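Counting from 1, position 73 in the sequence shown corresponds to residue 73 in our numbering; the numbering is continuous, with no gaps.
This list has only true hints and no planted wrong ones.
Okay, derived cross-link-like pairs now, DSS-like style, lysine-lysine, Cα gap no bigger than 30 Å in a straight line:
#, residue 1, residue 2
1, LYS74, LYS129
2, LYS129, LYS84
3, LYS15, LYS59
4, LYS74, LYS84
5, LYS15, LYS129
6, LYS59, LYS84
7, LYS15, LYS84
8, LYS74, LYS59
9, LYS15, LYS74
10, LYS59, LYS129
It should be emphasised that the hints constitute simulated quantities derived from the structure, not laboratory data.
Quick caveat, the model's predicted, so the values are computed rather than measured.
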Amino acid sequence: MSQAPKRAPANAPHKRLSNAIAELHRALLTVQSSGHPAQSNPYALLQAVMHDPAFAWLKALTDLILRIDEAGAKGATPSPEAMKGFVAEAAAMVEGHDSAPEGFFPALRLHLLRPDVAGPYGRLRALVKELQAA
Numbered sequence: 001m002s003q004a005p006k007r008a009p010a011n012a013p014h015k016r017l018s019n020a021i022a023e024l025h026r027a028l029l030t031v032q033s034s035g036h037p038a039q040s041n042p043y044a045l046l047q048a049v050m051h052d053p054a055f056a057w058l059k060a061l062t063d064l065i066l067r068i069d070e071a072g073a074k075g076a077t078p079s080p081e082a083m084k085g086f087v088a089e090a091a092a093m094v095e096g097h098d099s100a101p102e103g104f105f106p107a108l109r110l111h112l113l114r115p116d117v118a119g120p121y122g123r124l125r126a127l128v129k130e131l132q133a134a
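Required output: the full structure, derived from the provided sequences and hints.
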C-alpha cells in the first residue's frame with residue numbers, strides 16, 4: 001500500500017514566501033480592480049486580469065507564486081538554490097531593484113499608502129529580510 005506523499009509543513013520557508021506574496025497579490029488585485037467594469041463579475045475579472053493591460057504588472061507576482069508552488073509540489077522542498085532565487089526575485093520586486101520586472105515597483109508604489117496594501121507589503125518585506133538572513 002503506497003503512502004500519500006509527505007507535505008511540507010505550513011511554516012516551511014517556501015510556503016511562507018508563497019503565502020506572503022499571495023497576500024500582497026490579493027490586496028493589489030482588489031485595489032487594481034476597484035472601479036473596473038469587471039469588478040463585480042468574477043469571470044469577467046479573471047478575463048481582465050489575464051488580458052487587460054491595466055493588470056499586466058501583477059503578472060510578475062502571479063508567476064513567482066506559481067513557480068514557488070510548483071517547486072514545492074507534492075511535498076517537495078525547493079532546493080536551496082531555487083529558494084535563494086525566489087527570495088531574490090521577491091526582494092527585487094518589493095525593494096525596487098533594477099532586476100525587478102519593468103514598471104512593477106512604480107505601479108506598486110502608487111498603492112503603498114493604502115493600509116490594505118501596506119500591511120501585506122510590510123509583512124512580505126520583513127519575511128524577505130528574514131529569509132535573506134537565514
